[in-house]
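Engineer: Chains as they are written, first to last, in UniProt numbering: chain A, 1 to 76; chain B, 1 to 185.
One or more hints might be untrue.
Just some of the chain A residues that point at chain B, by a computed CB distance under 10 angstroms [as the list claims (entries may be wrong)]:
1. 27
2. 40
3. 41
4. 42
5. 43
6. 47
These are computed hints drawn from the structure, not numbers from a lab. As the structure is a prediction and not an experimental result, all values here were calculated from the model. All residues carry an ideal CB built from backbone N, CA and C; glycine is no exception.
As a plain string of letters, each chain reads:
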Amino acid sequence: MPIIVNLDVMMAKRKMSLNELSEKVDLTLSNLSILKTGKAKAVRFSTLEAICKVLDCQPGDILEFVSDKNENGSGI
Amino acid sequence: MEIKITTPQLLKVLQLLSWIVFIGLCVEAGEIIVNAVITLTIHPPGVANFWKGAAYLSGLYSFDKGYFMVIVLIMSIVAVLKALMFYLIVKLFSERKLNISHPFNPELRKFILNLSCITLGISLFSHAGLKYATWLAKQGGSIPDLQALHFVGADIWLFMAIVLFVIVQIVKRGIELQTENDLTI
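Only chain A is shown next, with the shape it has when bound in the complex (with noise of 0.2 angstroms):
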């Protein structure tokens, strides 16, 4: 799927923890882990915003549009 989820390297960046992300976005940790693998199939704005404010950043630093060939490699 072209759309990336960066979940993982804000987590790291913040140095915060799957668990501790989960306690404050009020997610479960199973829905969590489906967004951080790349599993879903679409994120709500709400949780997006309980994201975007625990983690302290932009919606666009956890979404990213890689678009089909260069996820290939056969782009330029």
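Chain B: place on chain A using the hints.
Structural biologist: Below, chain B without anything else, positioned relative to chain A:
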């Protein structure tokens, strides 16, 4: 005083009814198969032991053993398919795969798909049996009432199979939507 019937209560009643119908269909299928095997292999006068009475298939048996065998074979297949259909329903209730909170799941889809295939099978065999019995009656074979042979209603079974196929497609879409909903964080 108003009596409220809740979904679990209704499901309990349906489960009980399914068990009764399943047992009845098993007995019917067993009766046809056992009597046919006994008549054809061990004891020919056993043809008089069919539930519907001594005259039920005796005339056809004395007319021609081959025709009798074909009719009994089709009757057995239809009866077994009906019993199998209710076995699936009973199994669904007993294995508790019916999840009301997450109604659209692959098990439900498989269950309805199996039901529709079995229904289609019953329809085809009933239709074939009906045509065969009608043809046989024209040849002079002594055929009992078609209602008693349980071949009538092939068109209704076909209609039911098509409706079930449509429901399978709806459930398939429901599963997709539910999966998407589950994966929305």
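Engineer: Now tell me if each hint is right for this structure.
Structural biologist: Quick rundown of the hints versus the structure:
Satisfaction of the interface hint for residue 27/A is found here, the shortest Cβ-Cβ separation to chain B being roughly 7 angstroms, below the 10 angstroms cut-off. Look at residue 40/A: its Cβ gets to within about 5 angstroms of chain B, closer than 10 angstroms, so that hint holds up. With a least beta-carbon distance of about 4 angstroms to chain B, the hint placing residue 41/A at the interface is held under the 10 angstroms criterion. The interface hint given for residue 42/A holds, since its Cβ lies 4 angstroms from the closest Cβ of chain B, which is under the 10 angstroms cut-off.
With its C-beta approaching chain B no nearer than about 5 angstroms, residue 43/A sits inside the 10 angstroms limit, and its interface hint holds. At about 5 angstroms, the closest approach between the beta carbon of residue 47/A and any beta carbon in chain B falls short of 10 angstroms, and the interface hint on this residue holds.
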